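Protein sequence lines correspond, in order, to chains D and B. Take any residue in the first sequence, count from 1 to its spot, add 2: that is its number in the numbering used here. Take any residue in the second sequence, count from 1 to its spot, add 113: that is its number in the numbering used here.
If you're looking for bench data, these hints aren't it; they were derived computationally from the structure. Certain hints may be false.
[Unchecked claim] Simulated pairs of lysine-lysine, BS3-like, Cα-Cα distance not exceeding 25 Å: (1) B:K129 x D:K26; (2) D:K26 x B:K126; (3) B:K150 x B:K135; (4) B:K138 x B:K243; (5) B:K242 x B:K146; (6) D:K76 x B:K314; (7) B:K126 x D:K27.
These figures come from a predicted structure and were not determined experimentally.
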Amino acid sequence: MTSLGSSSSSATEYTVRVPKNTSKKYNIMAFNAGDRVNCSTWTQARMERDMSARRIYGEEETAEGAAGSEFGKKQREEARRKKFGIVTREFKVEEQPWILKVNGKAGKRFKGQKKGGVTENASYYIFTQCPDGAFEAFPVNGWYNFIPQAKHRTLTAEEAEEEWGRRNKVVNHFNIMLQKRLREQEHGEDDEDEAEKSGKKKKKGGGGGRGGDLRIHDLEDDLEMSSDDSDSSMGEDGGSKAKVKKNAAKGGAKKKKRKGNDNEALEDSDDGDYEGLEVDYMSDESSSDEEPEKGKPSKGEDHPKGIDEASESEEESEEEKQNDEEGKEEEEEEEGKKTPVQMEKKKKKDSSGESDISDDSDIEGDTPSALFMKSTPPKRGGGRGSAGSSRTGSRPGTPSIDSASTSNTLHAAASKLEQGKRQIPGPGTDSPAAKRLKMEPSSQSPVPSGKNTPQPPSGKSTPSSSDVQLTEEAVRRYLIRKPMTTKDLLKKFQTKRTGLSSEQTVNVLAQILKRLNPERKNVNDKMHFYLTE
Amino acid sequence: MSDRTEVNLSGVKQSKGVWLVKVPKYLSQQWDKATEKGEVGKITIGKKQGKTEVCFSLSAELSALHSAVGEKDGALQVPREHPFTMHTVGGQTMAVFSQSSTDELSLEGMVVHRAECRPVVNDNYMKLKKLQLKESTKPQRLSQQLERAITTVFKPVANHDFNLEYEKKKKSEGKMVRAERQVVLDMLFSTFEKHQYYNIKDLVDITRQPVTYLKEIMREIGTYNSKGAHKSTWELKPEYRHYQSAEEEEETKAA
Numbered sequence: 003m004t005s006l007g008s009s010s011s012s013a014t015e016y017t018v019r020v021p022k023n024t025s026k027k028y029n030i031m032a033f034n035a036g037d038r039v040n041c042s043t044w045t046q047a048r049m050e051r052d053m054s055a056r057r058i059y060g061e062e063e064t065a066e067g068a069a070g071s072e073f074g075k076k077q078r079e080e081a082r083r084k085k086f087g088i089v090t091r092e093f094k095v096e097e098q099p100w101i102l103k104v105n106g107k108a109g110k111r112f113k114g115q116k117k118g119g120v121t122e123n124a125s126y127y128i129f130t131q132c133p134d135g136a137f138e139a140f141p142v143n144g145w146y147n148f149i150p151q152a153k154h155r156t157l158t159a160e161e162a163e164e165e166w167g168r169r170n171k172v173v174n175h176f177n178i179m180l181q182k183r184l185r186e187q188e189h190g191e192d193d194e195d196e197a198e199k200s201g202k203k204k205k206k207g208g209g210g211g212r213g214g215d216l217r218i219h220d221l222e223d224d225l226e227m228s229s230d231d232s233d234s235s236m237g238e239d240g241g242s243k244a245k246v247k248k249n250a251a252k253g254g255a256k257k258k259k260r261k262g263n264d265n266e267a268l269e270d271s272d273d274g275d276y277e278g279l280e281v282d283y284m285s286d287e288s289s290s291d292e293e294p295e296k297g298k299p300s301k302g303e304d305h306p307k308g309i310d311e312a313s314e315s316e317e318e319s320e321e322e323k324q325n326d327e328e329g330k331e332e333e334e335e336e337e338g339k340k341t342p343v344q345m346e347k348k349k350k351k352d353s354s355g356e357s358d359i360s361d362d363s364d365i366e367g368d369t370p371s372a373l374f375m376k377s378t379p380p381k382r383g384g385g386r387g388s389a390g391s392s393r394t395g396s397r398p399g400t401p402s403i404d405s406a407s408t409s410n411t412l413h414a415a416a417s418k419l420e421q422g423k424r425q426i427p428g429p430g431t432d433s434p435a436a437k438r439l440k441m442e443p444s445s446q447s448p449v450p451s452g453k454n455t456p457q458p459p460s461g462k463s464t465p466s467s468s469d470v471q472l473t474e475e476a477v478r479r480y481l482i483r484k485p486m487t488t489k490d491l492l493k494k495f496q497t498k499r500t501g502l503s504s505e506q507t508v509n510v511l512a513q514i515l516k517r518l519n520p521e522r523k524n525v526n527d528k529m530h531f532y533l534t535e
Numbered sequence: 114m115s116d117r118t119e120v121n122l123s124g125v126k127q128s129k130g131v132w133l134v135k136v137p138k139y140l141s142q143q144w145d146k147a148t149e150k151g152e153v154g155k156i157t158i159g160k161k162q163g164k165t166e167v168c169f170s171l172s173a174e175l176s177a178l179h180s181a182v183g184e185k186d187g188a189l190q191v192p193r194e195h196p197f198t199m200h201t202v203g204g205q206t207m208a209v210f211s212q213s214s215t216d217e218l219s220l221e222g223m224v225v226h227r228a229e230c231r232p233v234v235n236d237n238y239m240k241l242k243k244l245q246l247k248e249s250t251k252p253q254r255l256s257q258q259l260e261r262a263i264t265t266v267f268k269p270v271a272n273h274d275f276n277l278e279y280e281k282k283k284k285s286e287g288k289m290v291r292a293e294r295q296v297v298l299d300m301l302f303s304t305f306e307k308h309q310y311y312n313i314k315d316l317v318d319i320t321r322q323p324v325t326y327l328k329e330i331m332r333e334i335g336t337y338n339s340k341g342a343h344k345s346t347w348e349l350k351p352e353y354r355h356y357q358s359a360e361e362e363e364e365t366k367a368a
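Please model the complete structure; the sequences and the hints are all you need to start from.
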């Protein structure tokens, strides 16, 4: 090396050698700056060629020899190919991508694809400095671009399209993959329910239809939901309320994008916590909340349940209800569809608690809290939305009725529907009893209350709507409030709502009136009854 | 085989920094002509007014360009001075890995600088480039005009060579004689053991029997596939065949 001194520069000279005899072939391994790869942190690395393409090239190896083979098949195939000019590209090992695994199984994975055209017009050389100061130049044989491979599960094209369609709605992004994972777990676990579940799921709009966005088959839900417990779960409500609230507070960290409910930022859920839990489907908003709560409601679930999902959804809706005390109307707007169903569900659960249902519904105060155990964000509202969309998968396709968040009118509509179908187990007292009015399986005929007229055939499991039970108390209430004619009274106890036929209604009403012995007044030529307390 | 996948990380551990240099094709060609020792030139690294300047000088013997034709050497010279333009590797992290002849992989180092080797542009260089351009624009295929017509082929022939061979072959092999039925059957069974489907022509070839006779026998023991994947092939009747399925075969092979 000679040093040349010059006025404003100092230079050193080094010889450049291009070794001839290198047996090594040099390649470039290029990473993207954004991946922040630091090779010095690698403790161990393995790299091998990705031979997965070989299968494609060596395809169509039909049975050779004996069964199924033809004499001279290969030659004929080759001749045919030549005739048509089909040129198949050879499988060259040199052109295959590399698979680089860094730091063992838990480390990163990269796929390195060869970049073409590197050596066509210019050659690249690697200049390294040798200990003796001279440079050695090695030609670069190939250039591979290494891309990190994702270890997390990605959506398939169909799923991606689905999610794209829901992007404008409140979506908990965390949930998408989690639901998918959980659903897969479920499929592995519940074989017996699989048919139902899948059926339900499909009905609910395809495999991805979680979150209850599509409530197509209300009937299904009604019928199937009929067999459930909520009585026991109701009973637990008090106890579980606290737990639920706590959970609600805990979970739901992921429900970020709830419409207008941003206050629940206090949750802090971990991904892994809820993975093992079984859920039918997860709604967008409250999935993470719902899952941990699953355990609790299940304790009280002794009743025979026609369907596991039903029970699960029961639990969920209960949970929901607890949380949703306040936030009834919140989500309603968005999910008009869901409301009828949800209302039904709610009715099933507790058949109570809606303001419009009956004025005297005591449940309102309690049940909402008790019932709305759903893990939707404590603040409000998540309930409804969560009910609809965030059903944590336990019940695919059955909308979990967010009892809390139903508006009066919707509730009324739902209750009508319900009552048309369900039996009213005849509780003497409305509210508390009403809560227990889950659809009892037709096998278990609801215990008819003494006051009720004979129930319709038990084949019909109709919801008990405590609200409009034709009871003495109810009549008394009406008559105290204002004088009414018999016609008015009958109107109040519509057959649809009470589940009794018109004749029965008349009979029962007559009995009640006899007992009450109200005072009579003639107004407008019509006989009015009234009571004074 | 243990080394097959393991990458030798020693180079990277030592934080060996290398330069990635883009070199023009003509220059690399000259480098290929270097002597055994491999010395191709000198590199000068200097600081001029604060900026690092790198310049590569090609050694004298290599700058003599021997073009293909061999007539022009001396007149054209590969430029000798090549300043390097240096860049940093901002956007990419690049490493160098090598694969030895034994398929051993090792990580040689990280690229710390990128450089381009540019020649000093002068007339000499321009002439060189012109030459290169001319060569590259020449079409690969050329039409040549012949002075004299080809007369060696396409003469009328009494009988083509190919035909003559064919006839000779036919004569030597003679007509196919019908062998004993049982013998033919044995032959057929053994051939069908090798493959399931056969063309009648192939069977004739194998058994050396006249077609009609063979067909008669085949009609007795086999069926003809006129449709399907194996069109127009003969196969044995089910009662005569006992092929194992492919899976079983594999199992037995593996066992």
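Hints, one by one, checked against the model:
no. : hint            : result
1   : B:K129 x D:K26  : holds, 17 Å
2   : D:K26 x B:K126  : holds, 19 Å
3   : B:K150 x B:K135 : holds, 22 Å
4   : B:K138 x B:K243 : holds, 14 Å
5   : B:K242 x B:K146 : holds, 20 Å
6   : D:K76 x B:K314  : holds, 16 Å
7   : B:K126 x D:K27  : holds, 20 Å
The structure meets every hint from the earlier list without exception.
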